[in-house]
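**Student:** Based on these hints, arrange chain B on the given structure of chain A.
There are 2 protein chains.
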Amino acid sequence: MTGAEKRREARRDQVLDAASACFVEHGFHGAGMAKVAKKAQMSVGHIYHYFESKEAIIAAIVDRESELAVERFAELYALPSDEIAAAMINRAEDIVVTKSDAFQSALNLEIQAEAQRNPHIAAILQEHDKKIRGLFSNILNTKLGLTDADARTELLMSLFGGLASRVLRNPGLKREKLIPLFQSLMHNLLNEPANA
Amino acid sequence: MTGAEKRREARRDQVLDAASACFVEHGFHGAGMAKVAKKAQMSVGHIYHYFESKEAIIAAIVDRESELAVERFAELYALPSDEIAAAMINRAEDIVVTKSDAFQSALNLEIQAEAQRNPHIAAILQEHDKKIRGLFSNILNTKLGLTDADARTELLMSLFGGLASRVLRNPGLKREKLIPLFQSLMHNLLNEPANA
Numbered sequence: 001m002t003g004a005e006k007r008r009e010a011r012r013d014q015v016l017d018a019a020s021a022c023f024v025e026h027g028f029h030g031a032g033m034a035k036v037a038k039k040a041q042m043s044v045g046h047i048y049h050y051f052e053s054k055e056a057i058i059a060a061i062v063d064r065e066s067e068l069a070v071e072r073f074a075e076l077y078a079l080p081s082d083e084i085a086a087a088m089i090n091r092a093e094d095i096v097v098t099k100s101d102a103f104q105s106a107l108n109l110e111i112q113a114e115a116q117r118n119p120h121i122a123a124i125l126q127e128h129d130k131k132i133r134g135l136f137s138n139i140l141n142t143k144l145g146l147t148d149a150d151a152r153t154e155l156l157m158s159l160f161g162g163l164a165s166r167v168l169r170n171p172g173l174k175r176e177k178l179i180p181l182f183q184s185l186m187h188n189l190l191n192e193p194a195n196a
Numbered sequence: 001m002t003g004a005e006k007r008r009e010a011r012r013d014q015v016l017d018a019a020s021a022c023f024v025e026h027g028f029h030g031a032g033m034a035k036v037a038k039k040a041q042m043s044v045g046h047i048y049h050y051f052e053s054k055e056a057i058i059a060a061i062v063d064r065e066s067e068l069a070v071e072r073f074a075e076l077y078a079l080p081s082d083e084i085a086a087a088m089i090n091r092a093e094d095i096v097v098t099k100s101d102a103f104q105s106a107l108n109l110e111i112q113a114e115a116q117r118n119p120h121i122a123a124i125l126q127e128h129d130k131k132i133r134g135l136f137s138n139i140l141n142t143k144l145g146l147t148d149a150d151a152r153t154e155l156l157m158s159l160f161g162g163l164a165s166r167v168l169r170n171p172g173l174k175r176e177k178l179i180p181l182f183q184s185l186m187h188n189l190l191n192e193p194a195n196a
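Chain order of the listed sequences is A and B. Heads up: the first sequence is residues 1 to 196, going by full-length UniProt numbering. Heads up: the second sequence is residues 1 to 196, going by full-length UniProt numbering.
Calculated from the structure, these hints are not laboratory results. Accuracy of the hints is not assured; some may be wrong.
Unchecked claim - Here are the simulated SDA-like pairs of lysine to any residue, each with C-alpha atoms no more than 25 Å apart in a straight line:
hint, chain 1, residue 1, chain 2, residue 2
1, B, 39, A, 116
2, B, 174, A, 157
3, A, 39, B, 84
4, A, 54, B, 132
5, A, 174, B, 30
6, A, 177, A, 89
7, B, 174, A, 132
8, B, 130, A, 180
9, B, 177, A, 150
10, B, 143, A, 180
11, B, 54, A, 27
12, A, 177, A, 92
13, A, 130, B, 35
14, A, 131, B, 116
15, A, 131, B, 173
16, B, 177, A, 129
17, B, 174, A, 186
18, B, 177, A, 157
19, B, 174, A, 180
20, B, 174, A, 54
21, B, 54, B, 16
22, A, 177, B, 25
23, B, 174, A, 27
24, B, 174, A, 35
25, A, 54, B, 25
26, B, 130, A, 107
27, A, 131, B, 175
28, B, 35, A, 8
29, A, 177, B, 132
30, B, 174, A, 129
31, B, 130, A, 106
32, A, 130, A, 73
33, A, 39, A, 73
34, A, 131, B, 179
35, A, 35, B, 29
36, B, 174, A, 125
37, A, 54, B, 30
38, A, 54, B, 116
Isolated chain A (complex conformation) (with noise of 0.2 Å):
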């Protein structure tokens, strides 16, 4: 990456972040460019510069998201296969500590929310999950070998999704208490047939 592409990059990240602060702040619809803008300290040309409207800056929040997602599931996929469901499970405490985060959970619930309305939006959220589940499923498949690899999946990311929600149900949310269950559940999903 060249110097103007790093700086390009920390721009866009930097108009990302403040257009997330907005959104929890105000909503989607509560956050026009002018807000988005005087967080990010730049002016709304600029941030146009960079996206065309919010729709497009929601697109590069999820793509972000993406983008870590593969590169962690890059990293399980270089490891032996018999290692790999350990270092998943070895990850509880990362997983409960980052899925419960509060403002994420509230960003990605605004971004929930608008998708119910928007079918841009909605189509790009879809697109997002179906990558994921593809990774995950194929890991889950082809690495360890598992039967319904899918139903799997779609369980712990209900587990992963549902942690999130709980944060802003629950504000007192214990999550030590949390991990070595977790943990135990993540294993089952991940080693033994269901009708074993």
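**Tutor:** Chain B in isolation, oriented as in the chain A frame:
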């Protein structure tokens, strides 16, 4: 319940069903009382006779959910202790179908999104959540004798709530494949000590 009370309750239910449909179709802010009245085939004045505001309608929708949950927990409570876990696990199919209902999931998402910037709705949801958590945790603790009942409750609720999001992200969700795995996870949370 007298005939007049029954008629009143039926009318209230009619408003709640109409309002739920409007919230899902237009979002909380897009669903004005005029739309709710039209959907319920009642006059706006008649609606205000039952509910003073859209907030009061949401409170009543949540209350109706709470009452159903209280009834279901009472049924479980009435069972001998050694039959409760199996009775809960036997309900897995019903839970998967109910929790992954697309309409109900969309309605919950609208209410949760509204709670993000409406402290009154947020308080209603947190109160509801606290009540359900308490019922769950109490049965796990006093009837099943499980340690970490609160954490087990959080993970059961993550799983149930997470399923609701899954149907919105993956409309092609195959429910029947989820049931045996879901039962296995419930078994895990309702029977075994996490640190065994």
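**Student:** Confirm or reject each hint.
**Tutor:** Now for the hints, and whether the structure bears them out:
Restraint check for residue 39 of chain B and residue 116 of chain A: satisfied, since their Cα atoms lie roughly 20 Å apart, inside the 25 Å limit. A hinted pair counts as satisfied when its Cα atoms are at most 25 Å apart, and residue 174 of chain B with residue 157 of chain A qualifies at roughly 14 Å. A threshold of 25 Å between alpha carbons decides the hint, and for residue 39 of chain A with residue 84 of chain B the separation of about 53 Å lies outside it, so the pair is violated. Between residue 54 of chain A and residue 132 of chain B the CA atoms are separated by roughly 37 Å; this puts the pair beyond 25 Å, and the hint is violated.
Distance restraint check for residue 174 of chain A and residue 30 of chain B: the Cα-Cα separation of roughly 36 Å exceeds the 25 Å cut-off, and the hinted pair is therefore not satisfied. Between residue 177 of chain A and residue 89 of chain A, the direct Cα distance comes to roughly 16 Å. Compliance with the 25 Å bound is thereby established for this hinted pair. Under the criterion of a C-alpha separation no larger than 25 Å, the hint pairing residue 174 of chain B with residue 132 of chain A is consistent with the structure, at around 17 Å. Distance restraint check for residue 130 of chain B and residue 180 of chain A: the Cα-Cα separation of roughly 23 Å lies within the 25 Å cut-off, and the hinted pair is therefore satisfied.
A distance of roughly 9 Å separates the Cα atoms of residue 177 of chain B and residue 150 of chain A; the hinted pair therefore holds under the 25 Å criterion. Straight-line distance between C-alpha atoms of residue 143 of chain B and residue 180 of chain A comes to about 22 Å, which keeps the hinted pair within the 25 Å bound. This hinted pair checks out: residue 54 of chain B and residue 27 of chain A have alpha carbons roughly 19 Å apart, not beyond 25 Å. Between the alpha carbons of residue 177 of chain A and residue 92 of chain A the distance comes to roughly 12 Å, so the proposed pair stays at or under 25 Å and holds.
Taken as a hint, the residue 130 of chain A and residue 35 of chain B pair is broken in the structure, with Cα atoms around 35 Å apart against an allowance of 25 Å. Our distance criterion of 25 Å between C-alpha atoms is broken by residue 131 of chain A and residue 116 of chain B, whose separation comes to about 28 Å. At most 25 Å may separate the alpha-carbon atoms for a hinted pair to count; residue 131 of chain A and residue 173 of chain B meet this at roughly 15 Å. The hinted pair formed by residue 177 of chain B and residue 129 of chain A meets the criterion: a straight-line CA distance of about 19 Å does not exceed 25 Å.
Simply put, residue 174 of chain B and residue 186 of chain A have alpha-carbon atoms about 20 Å apart, close enough for the 25 Å limit, and the pair holds. A hinted pair counts as satisfied when its Cα atoms are at most 25 Å apart, and residue 177 of chain B with residue 157 of chain A qualifies at roughly 15 Å. Restraint check for residue 174 of chain B and residue 180 of chain A: the C-alpha separation of about 29 Å exceeds 25 Å, so the hint is violated. Of the supplied pair hints, the one linking residue 174 of chain B and residue 54 of chain A is violated, its CA atoms being roughly 33 Å apart against a limit of 25 Å.
For the given pair, residue 54 of chain B sits about 10 Å from residue 16 of chain B by alpha-carbon distance, which is consistent with the 25 Å threshold. The suggested pairing of residue 177 of chain A with residue 25 of chain B is violated, with an alpha-carbon distance near 39 Å, which exceeds 25 Å. A hinted pair counts as satisfied when its Cα atoms are at most 25 Å apart, and residue 174 of chain B with residue 27 of chain A does not qualify at roughly 32 Å. The hinted pair formed by residue 174 of chain B and residue 35 of chain A fails the criterion: a straight-line CA distance of about 42 Å is larger than 25 Å.
Taking the CA atoms of residue 54 of chain A and residue 25 of chain B, the gap is about 22 Å. The hint holds against a cut of 25 Å. Between residue 130 of chain B and residue 107 of chain A the alpha-carbon distance is near 23 Å, which keeps this suggested pair within the 25 Å criterion. Straight-line distance between C-alpha atoms of residue 131 of chain A and residue 175 of chain B comes to about 20 Å, which keeps the hinted pair within the 25 Å bound. Restraint check for residue 35 of chain B and residue 8 of chain A: the C-alpha separation of about 47 Å exceeds 25 Å, so the hint is violated.
Distance check on the hinted pair: residue 177 of chain A and residue 132 of chain B sit about 19 Å apart at the alpha-carbon level, within 25 Å; holds. Between residue 174 of chain B and residue 129 of chain A the alpha-carbon distance is near 15 Å, which keeps this suggested pair within the 25 Å criterion. Taking the CA atoms of residue 130 of chain B and residue 106 of chain A, the gap is about 19 Å. The hint holds against a cut of 25 Å. For a cut-off of 25 Å, the pair hint linking residue 130 of chain A to residue 73 of chain A stands: about 14 Å separates their Cα positions.
Taking the CA atoms of residue 39 of chain A and residue 73 of chain A, the gap is near 33 Å; set against the 25 Å cutoff, the hint is violated. This hinted pair checks out: residue 131 of chain A and residue 179 of chain B have alpha carbons roughly 23 Å apart, not beyond 25 Å. For a cut-off of 25 Å, the pair hint linking residue 35 of chain A to residue 29 of chain B stands: about 21 Å separates their Cα positions. Between the alpha carbons of residue 174 of chain B and residue 125 of chain A the distance comes to roughly 19 Å, so the proposed pair stays at or under 25 Å and holds.
Taking the CA atoms of residue 54 of chain A and residue 30 of chain B, the gap is about 20 Å. The hint holds against a cut of 25 Å. Between the alpha carbons of residue 54 of chain A and residue 116 of chain B the distance comes to roughly 20 Å, so the proposed pair stays at or under 25 Å and holds.
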